Amino acid sequence: MPAASPTSPATAVQLEGVRLERGGRAILSDIDLVVPRGSITAVLGPSGSGKSTLLAALTGELLPAAGTVEVLGAPLPHRRRDLLELRKSIGVLLQGNGLLTDLTTAENVGLPLRTHTKLPKPVIAQLVAMKLHAVGLRAAGDLYPRELSGGMARRVALARALALDPPLMIYDEPLTGLDPIASGVIMSLIARLNASLGMTSIIVTHHVHETLPIADRAVVIANGRIVFSGTPAELDATTDPLVLQFLRGEPDGPIAFDAVARQEAA
Amino acid sequence: MEAIRSLGRAGLFSLSVLRASTPTADFFTELLREIYKIGARSLPIIAVGGAFVGLSLTLLGFRALETYGASNQVSVLIGLGLYRELAPVLTALLFVGRAGSSIAAELGLMRATDQITALGLMGIDPVAKAVAPRFWAAVLTVPLLTAIFVSFALTASWFEGVQVLGIENGTFWQVLRDSVDFRDDFLPAFLKSAVFGGTAALVASYVGYHAEPTIEGTSIATTRAVVNASLLVLMFNFILSAMLFR
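Heads up: the protein sequence lines correspond to chains A and B, in order.
Just so you know, the first sequence maps onto residues 1 to 266 in the numbering used here.
Just so you know, the second sequence maps onto residues 1001 to 1246 in the numbering used here.
It is possible that part of the hints are untrue.
Stated by the list, open to error - Partner residues aside, some chain B positions facing chain A, computed with beta carbon under 7 Å:
(1) Pro1023
(2) Glu1030
(3) Leu1032
(4) Thr1113
(5) Asp1114
(6) Gln1115
(7) Ala1118
(8) Leu1121
(9) Met1122
If you're looking for bench data, these hints aren't it; they were derived computationally from the structure.
Treat the numbers as computed from the prediction; the structure is a model and nothing was measured.
Quick reminder that beta carbons are idealized off the backbone N, C-alpha and C, glycines included.
Same shape as in the complex, but just chain A (with noise of 0.2 Å):
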């Protein structure tokens, strides 16, 4: 195979002809993705598109059956070390927040800190009380992940992605649980973090109406590949039936509702 090259500087991400398996099924095929630097880019489609599969390539979590992934102007490592040391420069926000539950909500927000740095303990505790100002959250800092709404630990756990201040931001379902006003808080928060710390965000989600106010450009996944790649203004123009099954949810069409059907077309 030969040497991957780097992406450009405006580059954040680039896949190229990725491929990805899951117990030897194929799960996603043929993807290519570039995510320009300082962009929000809204990854769209159904449950059980591959969204999430996506989202494992990009943190190298499964390493792809064909292709290359470039994240941050490099590929992939495929050491556990080097991946290790890529990750501070990638904050993700999981679908199940992922918050310690034996830590408080500012040691959870603390602890990228306290282990990938060495700051005196008062500076950690200044920037564990920014990053909790930044989600509205000061106040809740001595308080435990059972103690909170799933509003404030999905905010929680966004303060926590944010500790280092990374250049690369990936969401996965932030949306998912939370009421529509917690919904509006946690994305108008993204937009403006996105904007005022120059960061890269890759936003995962099924959300459409939610999600696409914010987003510089949208992907949607649907029957294992990419079936469109453009801007929010591209994808309310679009005439293409698979994707607009999806954006207007209607149950019958080329995007088969049935699990085992979907495999098939996969």
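Following the hints, put chain B in place on chain A, whose structure we already have.
Leaving out everything else, chain B in the frame of chain A:
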């Protein structure tokens, strides 16, 4: 074939735990927390268990030795039996039931609630953060728990032998002191305990860490941790006894 593969995976996991044991400030904070959780909180069960073993053993030994007119030698049986076999093994088995199951359940739930995934995605080695402190806490605390077990067993034995069955107080302690040797009995007991503690923690961590990320997976991991760790403790006890006590 699958069994050999599993054994290999468990061996590699054990090596990764040792490799991940870096003495950082965060590691010592976690270690102290775990020593309290799995060590200090196991004290009551160990103390009660030790006392009842001491009582049973004294009664059994007294009746058996009485037949030969040697009932005042009962503390030989208590001393050697406790230090060489019963205290390390029973402490380890009680530890497996109390702390091993909790280690497996905690790690299984961490897996099910994305905590282990989140650590990896933050560039933090989940083994270093979640497993290594539990392993070293077990290695350090099980010998101490064994000492507590022995103390309560001997105290209970003294109470029953001297206060209830009428053995002379001086004889009880003198016979015990003459029969138990520091280097041959005391040190091997604590070496065995450290091995059992490490084994229990590694087995519990391995099955918990690799549990299916579901409630059922956590439940299966907890059961498997107790069964596998208990059997390994008994197996290692035989091997170590054969090596250490000739």
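If you check each hint against the structure, which ones fail?
1, 2 and 3
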